[in-house]
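Going line by line, the protein sequences match chains A and B. Count along the first sequence from 1, then add 438; that gives the number in the numbering used here. Count along the second sequence from 1, then add 438; that gives the number in the numbering used here.
It should be emphasised that the hints constitute simulated quantities derived from the structure, not laboratory data. Remember, it's a predicted structure, so these values are computed and weren't measured experimentally. Treat the hints with care, as some may be off.
FRET-style restraints, in silico, Cβ to Cβ [said to hold, decoys possible]:
| # | chain 1 | residue 1 | chain 2 | residue 2 | range |
| --- | --- | --- | --- | --- | --- |
| 1 | B | Asn-442 | A | Lys-601 | 49 to 59 Å |
| 2 | B | Ala-662 | A | Thr-668 | 29 to 39 Å |
| 3 | B | Glu-444 | A | Gln-736 | 50 to 60 Å |
| 4 | A | Lys-700 | B | Asn-762 | 47 to 57 Å |
Just so it is clear, CB atoms sit at the ideal spot from N, CA and C, and this is done for glycine as well.
Number of protein chains: 2
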Amino acid sequence: MASNWEEFYSSHPQPANLNKDEDLLRDFCARHLNGDTRVVLVTSGGTTVPLEHNTVRFVDNFSAGTRGSSSTEYFLDRGYAVVFMHRHLFTKYVKSLFMPRDVKKKYRQILGFRVKSLQPFSRHFSGQKFLNMLDLNETKDGTSITVTSENVPRIADVLRKYKSALECGKLLELSFTTVYEYLWLLRSACQILAPLAERCILYLAAAVSDFYIPPNEMSVHKIASTKPQTISLQLVPKILAPLVSLWVPNAFVVSFKLETNKDLLIDKAREALNKYKHKLVIANMLQNYRKKVTMVTQQNSYVIELTTEQSNAGEEIEMYIVKNVVDKHEEFIADRSGKS
Amino acid sequence: MASNWEEFYSSHPQPANLNKDEDLLRDFCARHLNGDTRVVLVTSGGTTVPLEHNTVRFVDNFSAGTRGSSSTEYFLDRGYAVVFMHRHLFTKYVKSLFMPRDVKKKYRQILGFRVKSLQPFSRHFSGQKFLNMLDLNETKDGTSITVTSENVPRIADVLRKYKSALECGKLLELSFTTVYEYLWLLRSACQILAPLAERCILYLAAAVSDFYIPPNEMSVHKIASTKPQTISLQLVPKILAPLVSLWVPNAFVVSFKLETNKDLLIDKAREALNKYKHKLVIANMLQNYRKKVTMVTQQNSYVIELTTEQSNAGEEIEMYIVKNVVDKHEEFIADRSGKS
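Let the sequences and hints guide you as you build the complete structure.
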């Protein structure tokens, strides 16, 4: 049965560079295992489902990675070490596309993709805004480039936090593109982070595809545009089930629920909690996800919403979401230690 | 019949902010109409086909926008004025999604998308590379931020060209996301640029979807992930036909052909030239498009390929492609003026 997670993994071979990512994860985990640093795995951005083995077209999910990248900054602010698992716009190495090894190698050398979903810190300066912030000073003594004075305070603040996160070894960034890469990397990350037990949060903000095309039904080459096409999509297994019950049974697991129809939102969130037995669903509507979320727990549900003043002042809802999650995590740890 | 371009336009209403883009195009065109500046319209990046009216999922085409964004820089180097029509990662304003005006307005206020396909100049500094190039200097006299000395030469060069393009009014950037937005904007741009006649190049590097889902077959809300799905895709009309014969009959039109199977590549390019009667097809394989292209004209075809030395030195194939296109454009203008 295609919706079974074990069968899904066994029919989609391990991505080529998973071992490298696992090594990075093990180093990161070892650095934080002794001590009391709290750790969060943040997933961010959408996943792709290729329509062709030589992928020209794919089915994609809505996500710029705003939620995940900004939350990462706020978790760092609160002292957490963060594994930031984010989306590359295109498959880095065409590594999961089931090709002969020599063809993959060829692709790997050739394709130099540089566009991604938003990343913490750099997210504040995407596109040409960055170039507009720079002054070119050409004198007889040489050329220098400085950030224009009005932009210094804001950039200095971001730069300070970015450099500090790197220096403390508190930020590890890993990437995925396809839903296959995402699922493989997520399982590895869970297995490696599991020893952190209740000190670890899983903050699953990525917009993961619910559908996929089985490899044996995919076209090898670009589909010719000579006639209408029908695409059959199968269900991706719901990975929260093994994640909560088997992979990180002692961690604090937070999932997200995005809907476009508000009548379904809370029921769907509650349904997920009942089914997977994790701690928290952060439910949001596509139409206003930057301003309003509903926190749904086993016990209750409540709304976090930015006021117009907060929005106008440039505040981000993720600051409040993360504060809330950190408080809940604190209680959870206290509960587990029998201190409360 | 769905493959008819007139019917396609009449069944997909004009995007909300098309008028604004048309005003910008008219200003740009007026600035360059008197004089002898040559003008190129570069299209870049992929298009999306939403699967839902409230779009969470979409079908996408492979394209980081490398070809279009780098070619734009080389056209500016050669003195051309450039309209750079590029892809926003997500629909800016959900403007083509056939919703009631008040719902659209709501989206427009809320969604602040900032991730795009590559743009000229800023493409050299995407992601966190930019933050790694900055030094933070905090002294008692205050804080300043400078570009690290080893990065000054490269950034200075890019910054000089970027500021010069803006100051001369030689670069106009417009954006699209869905295939509907792309087709509407392309037609408007052609109609406004048409008076430039043979002084104008159309350099159609965008990866435009060949398929779409008719609005009346689209789901209104996010498709539930409870059972497998089938998506029926219709053919997008081949827009080169009216473009070449009706919209810009005197311009120098260049199209691109991407394939993954090399046995089809040149035949497909030749077939397009015979069908649409334009001037040049630049044919490339997904596997090596950064290193090798075949220029296919009515008369002949020849290969442009980077040597290993050129690649290692960081040269880009777009420099050679643009040089070649500019030479051909020169000949074309001379022919038309009866000077050759």
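Between the beta carbons of Ala-662/B and Thr-668/A, is the distance compatible with 29 to 39 Å? Since Ala-662/B and Thr-668/A have Cβ atoms about 20 Å apart, the given range 29 to 39 Å is violated.
Range hint 47 to 57 Å: satisfied by the CB atoms of Lys-700/A and Asn-762/B? Once the Cβ atoms are compared, 55 Å apart, the range 47 to 57 Å for Asn-762/B and Lys-700/A holds.
Quick check on a hinted range of 49 to 59 Å for Asn-442/B and Lys-601/A, using CB atoms only. This hint holds: roughly 58 Å between Cβ atoms.
Hint says 50 to 60 Å; check whether the CB-CB distance for Glu-444/B and Gln-736/A agrees. For Gln-736/A against Glu-444/B, whose Cβ atoms are near 57 Å apart, the range 50 to 60 Å holds.
Going down the numbered hints, you'll see the structure goes against just number 2.
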